[in-house]
Amino acid sequence: MLGAGIIKGMAETARNFIGSYTEANLLVTVEYPEQRLPLKESMRNFPFLVFDGEDWQKGLRCVACQICEKECPPQCIFITKDAAKKPDYMGKLQFQPKVFDIDTSVCMSCQICVEVCPFEAIKMDTEFELSTDNRFGDLLLNKEQLARSNEHYHKIHPTEATEVDERLAGEKAKAEAKAKAAVAAAAAKPVLPPKPTAQ
Amino acid sequence: MSDAVVTPLEGVFAPLQFPEPGAPRQLNYSVAPKMSADGSVAGDFLEVAMGPQHPSTHGVFRMDVVLDGERVVKLKPVFGYLHRNHEKIAENASYLGSMPYTDRLDYFCSMTNNWAYALSVEKLAGLQPPERAEYIRIITAELTRLVNHVCLVGFLLQDMGALGTPLMYAFREREKILDLFEALSGSRMMCNYMRFGGCRVDLPAGWLENAKQVVENFPRFLDDFENLLSANEILIARTQGVGALSAALAINAGVTGPLLRACGVNYDLRKVDKYGIYERFDFRVPLGDHGDVYDRYMVRVLEMRESLKILRHALRDIPSGPIMDPKAKIRGFRPKIGEVYGRIEGPKGELGFYLISDGGPNPYRYRVRPPSLINLTILEDMCLGRNVSDVVVILGSIDIVLGEVDR
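Sequences listed follow chains A and B, in order.
Here the first sequence is numbered in our numbering, starting from 1 and rising by one per residue.
Here the second sequence is numbered in our numbering, starting from 1001 and rising by one per residue.
Chain B with its partners taken away, still in its complex shape (with noise of 0.2 Å):
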């Protein structure tokens, strides 16, 4: 892991060479499959369909694999079996309407679904949510990462077939937090917390103290969880160099997020574009070398410890005063003509909300960038050449929730 703080972007762009159209393709996996000009593979293969009722799929996702004895040829992923039209239905629901559908994107981490929705419309309205609200999504936005990264992590050890017991510990330190999201807005998942111009209610009396408690007992879990995990023979023998993605890959598929990162790409959000209020927060951002399952399940590990110190942070300084901007209004909002794209870092990359007002009360165009479906799309990259169990495992390290990725 490195610390050095590297520009965005620069010197990754340089060395890629675009192939010709309709030169066969480059790949980049150790053994080449015997494959035709167009594209189709030939010989004696074996077409498997992985899913979508497949436990190691993380919900209803089909991959057709092409499998060369128990080595892939070829993966396509198939999705859309989850999808319910949640563009269309916010086109014709009011602003306010769609916030709650937006906890149903990703149904891990609805709190930064929340923010990114109200980051969107509060650009687009010319409304400024006051300090106190502010310091409150930054809590809750990184108490939503610790929530996705240990359920992550969770997941990733159930597919290296460590049944239970990591998904356990890792559950239980994640119903603190959600019992702490449903003290403070009456559900543990689908929250519908943030409004456009701040927050919907303020914080219950005694929140700050239990919140404080768990930010501090989570350290020590973490420990408990390396202690486990990060030197264990069998993790690393079924993660490193597994699923290993280049750098100029991840920045032309547009992947974001930790799997970006993993790749060595200096490129968070929260550096970038300081939304919020992140500039006031010391914190350093986790940067992997390989790019390979195990410097994805590192990143995250260390993201987590970083998440800890902004929550320590902003807990410790948070200001009393109102939630609420003033001029924002519950009925009749009604934004000017425009159009804009607001964007944050989700715990699985850069979720954007592309909005068009045309003036009325529901927006003309509404359009998701999902982290989960762009991050999906190099799937195939980095599983051809691997065997059948790497790819679960590879999927698990994509991090993908099915919400999102069909919404």
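Okay, chain A solo, but in the shape it has when bound (with noise of 0.2 Å):
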């Protein structure tokens, strides 16, 4: 019958135009800036730079080793090594950067700096509310922007950063016993002259 598809059709949009009063998954738009869906707690946008503690110059995880530097896909990524060292949470004296900067204009937000970081510092960012009328300046993160604490990746990725914490929990721990066994066994061993192959 001629016009029988544009009934069926007209029924069809009916019942989902009814249909999204009433049903949950016919209706799947929010009104953004008034209602907000929760965020995903995998979800990335920017990276940021850990610190631990309350100070972030102290405590800040990075020691400048320019890894994700070199692998950064868009090369986004601009780092200086400072001549000054600082201790890191196994107490080793570790490089820190003087310059850490991030252009978020270039960056792509692949995750692989997040990937490749040996040591837990650099991680994803949830914030995404970053428009501005100054392309230059204020798209081009550094150092003290882009430090947040330990407490701030809990709270958006409160899984991951368990996990996180845990590792390097572990890791100190395994570092501590086997500093502590190795003074034990120093005080212990009657003192020879050292043998010419190592352990």
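No lab work stands behind these hints, which were simulated from the structure alone.
Accuracy of the hints is not assured; some may be wrong.
Said to hold, decoys possible - Result set (DSSO-like, lysine-lysine): computed pairs, CA atoms no more than 27 Å apart in a straight line:
1. Lys155/A <-> Lys1176/B
2. Lys1212/B <-> Lys1123/B
3. Lys8/A <-> Lys98/A
4. Lys1274/B <-> Lys1309/B
5. Lys98/A <-> Lys86/A
6. Lys180/A <-> Lys58/A
7. Lys1088/B <-> Lys174/A
8. Lys58/A <-> Lys98/A
9. Lys92/A <-> Lys1336/B
10. Lys58/A <-> Lys40/A
11. Lys180/A <-> Lys85/A
12. Lys155/A <-> Lys143/A
13. Lys70/A <-> Lys1327/B
14. Lys70/A <-> Lys1088/B
15. Lys178/A <-> Lys92/A
16. Lys1176/B <-> Lys40/A
17. Lys92/A <-> Lys8/A
18. Lys8/A <-> Lys1176/B
19. Lys1329/B <-> Lys70/A
20. Lys1212/B <-> Lys40/A
21. Lys1329/B <-> Lys174/A
22. Lys98/A <-> Lys81/A
23. Lys1309/B <-> Lys172/A
24. Lys81/A <-> Lys70/A
25. Lys1309/B <-> Lys1271/B
26. Lys1088/B <-> Lys1309/B
27. Lys143/A <-> Lys70/A
28. Lys1329/B <-> Lys172/A
29. Lys70/A <-> Lys1336/B
30. Lys1123/B <-> Lys70/A
31. Lys92/A <-> Lys81/A
32. Lys85/A <-> Lys172/A
33. Lys58/A <-> Lys155/A
34. Lys155/A <-> Lys172/A
35. Lys180/A <-> Lys92/A
Put the two chains together into one complex; each comes in its own frame, and the hints tell you how they fit.
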């Protein structure tokens, strides 16, 4: 019958229109600035630098190894090493970044810097309302703007942050146990001239 | 639609006659234009540039069309407006570094792009993803196929003048699947999820239940969609017999994917190559009879139903376990010297990555075989003799994404 398709189509449209008032899976949009959907835990937008403790300058985990700078596909990270060293979470003296800049207008949020970082120092933020009218100044973030506390990391990615903390604590405990054992072994052994072969 | 098993490519090459070099081209359309021996058209014609800003060209793509009244006499596809030097960038980046760029090839199907690239590098480096990772890959790839096909049908209807309604319904369903991708990988479209030897992260808690929910609700939407579209007079009038492609021409041009299967050629890499663990799943390959736009539409709808079957099976059987090959390295990844071609059945056709390794941290040669580009090359043969409005529909039925065509 001519016109049957139109009638069928209108019936289908009407069903969807009326259904959008009653069924949740037919109305999926929200009115954004007023209504907000909860962010997914795995969401990623731009990287930030994690620091432990209160002071961001003291607690920054980054040791300026520049692996992320080399691996970053769009090359948006810029790092220079500081000559002064500072102790890391294991108590070892490490380098620290003098300059750590990320150009967020170039960053493509791929998370590769996070994956290659051996020190759990760089993580992905979930902040997304970052529009600005200053293209060159405000989108180039420096070390201070990038630093976020470990508590912030726990707030946005709780599962992942707990895993990371456990891993770091485990490594620290292992290192401490090793150091203690070395001290104990050194104390127990009579002082001998050091052997030429490494143990 | 036939269910019979046809050996791929058998008997299709036989009737082909190749023309002598220099002879006028034999074209498969009903109304032959006046054409001189060198292939140029003569007479009172109108030359129109459709695109690159034309909304029906699905991106920045231009068709130089020569028209005799309303009829197409000659058509030249012009692409390259979105060229981003993907292959050379990948040759200068590390193997891992070009993984996020593959998301941006066909930005509708980042998961299958990731898989094709990961598969090639795994072949090169001799890595074997564990069982759970293979299941996750199949689940995400089939969800990607649903996303792609449902959007394609929506856009095809948009090209026919059904402004909005089918596309909005398609996008509503797509968004539910993209939510799953976001919960899994952190990004809706640029997933960057697969890694060489497995997947980046494990499924978050509750993900499988959500995925099951989406898969359970999808057939109802498909039924509604088909009820709305498949028997619609306007859709039938605009698509049946339009843009018919012969199986011989499709095979000679290297066409793959639903476009080839709509011509009746049984060629699906999931069955031919059995990459991943596809041989464990029970699914059929829908085939068309006529190779016209309606068959392409129908093949895609049926493919979605088969994908749902695979998804149900995979979501039920997924085992627990590790998701990365223990041999895989994130930093300092250097595969041994060699060359490979890895391919998968993407939603648009055969997506392949050809890699040559010289033992260094980045590939010596990196080449993408994009299904969209190769399917696009037969556009003229399908459009000749048709009206301008049919050109838009035929282009829509090829299913191109310009990010992949131009790379």
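Problem set entry | Contradicted hints - numbers only | Hints 2, 3, 7, 9, 10, 17, 23 and 26 contradicted; others consistent.
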